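Produce the entire structure from the sequences given, and follow the hints as far as they go.
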Amino acid sequence: MLLSTQIVFVKMLLQVCISNIRSILVSSLEKVFCWMGMSAGAGRAARIAHRGEVVKKADKRTSSPGTVTPTSVNYHFTRQCNYKCGFCFHTAKTSFVLPIDEAKRGLRLLKESGEYLDILAISCDSFDEDTNKLIGRAQGRKSHLDNLYRVQNWCKQYKVAFKINSVINSFNVEEDMRDHISELSPVRWKVFQCLVIEGENAGENALREAERFVISDQQFQDFLERHSDVTCLVPESNQKMRDSYLILDEYMRFLDCREGRKDPSKSILDVGVENAIQFSGFDEKMFLKRGGKYTWSKADMRLEW
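Residues in the sequence shown are numbered from 1 upward in steps of one, following UniProt numbering.
If you are wondering where the hints come from, they were derived from the structure by calculation, not from laboratory data. Some hints could be false.
[What the hints assert, rightly or not] Calculated cross-link-like contacts (lysine to aspartate or glutamate; reagent style EDC-like; alpha-carbon spacing at most 16 Å):
hint, residue 1, residue 2
1, Lys190, Asp229
2, Lys293, Glu304
3, Lys285, Glu250
4, Lys142, Glu129
5, Lys156, Glu304
6, Lys159, Glu304
7, Lys266, Asp283
8, Lys133, Glu183
9, Lys190, Glu236
10, Lys289, Glu236
11, Lys266, Asp256
12, Lys266, Glu250
13, Lys142, Asp130
14, Lys293, Glu236
15, Lys159, Asp300
16, Lys156, Glu183
17, Lys190, Glu225
18, Lys142, Asp128
[Stated by the list, open to error] Simulated DEER-style distance windows between Cβ atoms:
hint, residue 1, residue 2, range
19, Arg226, Lys133, 22 to 30 Å
20, Phe96, Arg178, 38 to 46 Å
21, Ser216, Glu274, 33 to 41 Å
22, Gly291, Lys159, 22 to 30 Å
23, Ile100, Ala299, 32 to 40 Å
Model, not experiment: these values are computed from the prediction. Cβ coordinates follow ideal geometry from the N, Cα and C atoms, glycine included.
This is the structure we're talking about:
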């Protein structure tokens, strides 16, 4: 998602949080996620992240043995981005995007449901502008950090929980981010170890070369220890990240990352969820181990605004 579009969208979404509408984000995405077993009362928690990613919570329901019942699905509805992060593992290998009329309709539905937006996540890999440029998270003279603080202020104004995602790599592994994280006060700071995915950011047909961003397990551990007093920090190593996400791509295919690359299933639009999800490579035990299931509803966070 283009940064300028993303920021405008975030502002629009937050500005309507004062509306008094009972419907929740499920109403806007129910056609996409109805297969996950959600009811109108189940989707009180939704998170929106960078690069056109929607993460949705689902109800627990009885399933047959061997059937994966998703709790959270990451739906990457576009691969388009105006940033060029060198370690990106979901690159613009296709230009497919939703038809504009459908996209507008979805935004209107999100606007109507804005009051119940719980968590909004923004990526920030460094608090140094020069480092951001080296990473590729920069666009001309626009300041990524200015946008970060702007969105944080909107979240505070409209009572939306604020989350930060950071990818730790060779350019920021020595950085001390404690003061900035303390100032921004996110409810959750997700810290990822830079991950290499064949065909995305490594290999012959990749659009990125992430090898120069890779850090060792010990370097990642040293970064975590340096920030161990940050209570909202949630670390995620390569081992935890690889198989613990259910990811749908822009064609609504599950992406299996078990072999170090993204192997797509058939689309759920063609074969249904139960068939497609068998090829997702999802490891539910690792999902729980990495802390994938946590308090998503801001009503339960007891935040002081």
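Structure-based check of all given hints:
1. Lys190 - Asp229: holds, 14 Å
2. Lys293 - Glu304: Violated, because 23 Å separates the two Cα atoms, which is more than 16 Å.
3. Lys285 - Glu250: violated, 26 Å
4. Lys142 - Glu129: With a Cα-Cα distance of about 10 Å, the restraint between lysine 142 and glutamate 129 holds, given a limit of 16 Å.
5. Lys156 - Glu304: It holds: about 10 Å lies between the C-alpha atoms, which stays within 16 Å.
6. Lys159 - Glu304: Given pair lysine 159, glutamate 304 holds - Cα atoms ~9 Å apart, limit 16 Å.
7. Lys266 - Asp283: violated, 19 Å
8. Lys133 - Glu183: Violated, because 23 Å separates the two Cα atoms, which is more than 16 Å.
9. Lys190 - Glu236: The given pair, whose Cα atoms are some 7 Å apart, holds under the 16 Å limit.
10. Lys289 - Glu236: holds, 10 Å
11. Lys266 - Asp256: holds, 11 Å
12. Lys266 - Glu250: holds, 12 Å
13. Lys142 - Asp130: Judged against 16 Å, a Cα distance of about 13 Å means the pair holds.
14. Lys293 - Glu236: Measuring from Cα to Cα gives roughly 14 Å; hence the hint holds.
15. Lys159 - Asp300: Holds, because 13 Å separates the two Cα atoms, which is no more than 16 Å.
16. Lys156 - Glu183: holds, 13 Å
17. Lys190 - Glu225: holds, 15 Å
18. Lys142 - Asp128: holds, 14 Å
19. Arg226 - Lys133: 22 to 30 Å: About 23 Å separates the Cβ atoms of arginine 226 and lysine 133, which means 22 to 30 Å holds.
20. Phe96 - Arg178: 38 to 46 Å: holds, 40 Å
21. Ser216 - Glu274: 33 to 41 Å: This hint holds: roughly 40 Å between Cβ atoms.
22. Gly291 - Lys159: 22 to 30 Å: Holds - the Cβ-Cβ distance for glycine 291 and lysine 159, about 24 Å, lies within 22 to 30 Å.
23. Ile100 - Ala299: 32 to 40 Å: At roughly 34 Å between Cβ atoms, alanine 299 and isoleucine 100 fall inside 32 to 40 Å, so the hint holds.
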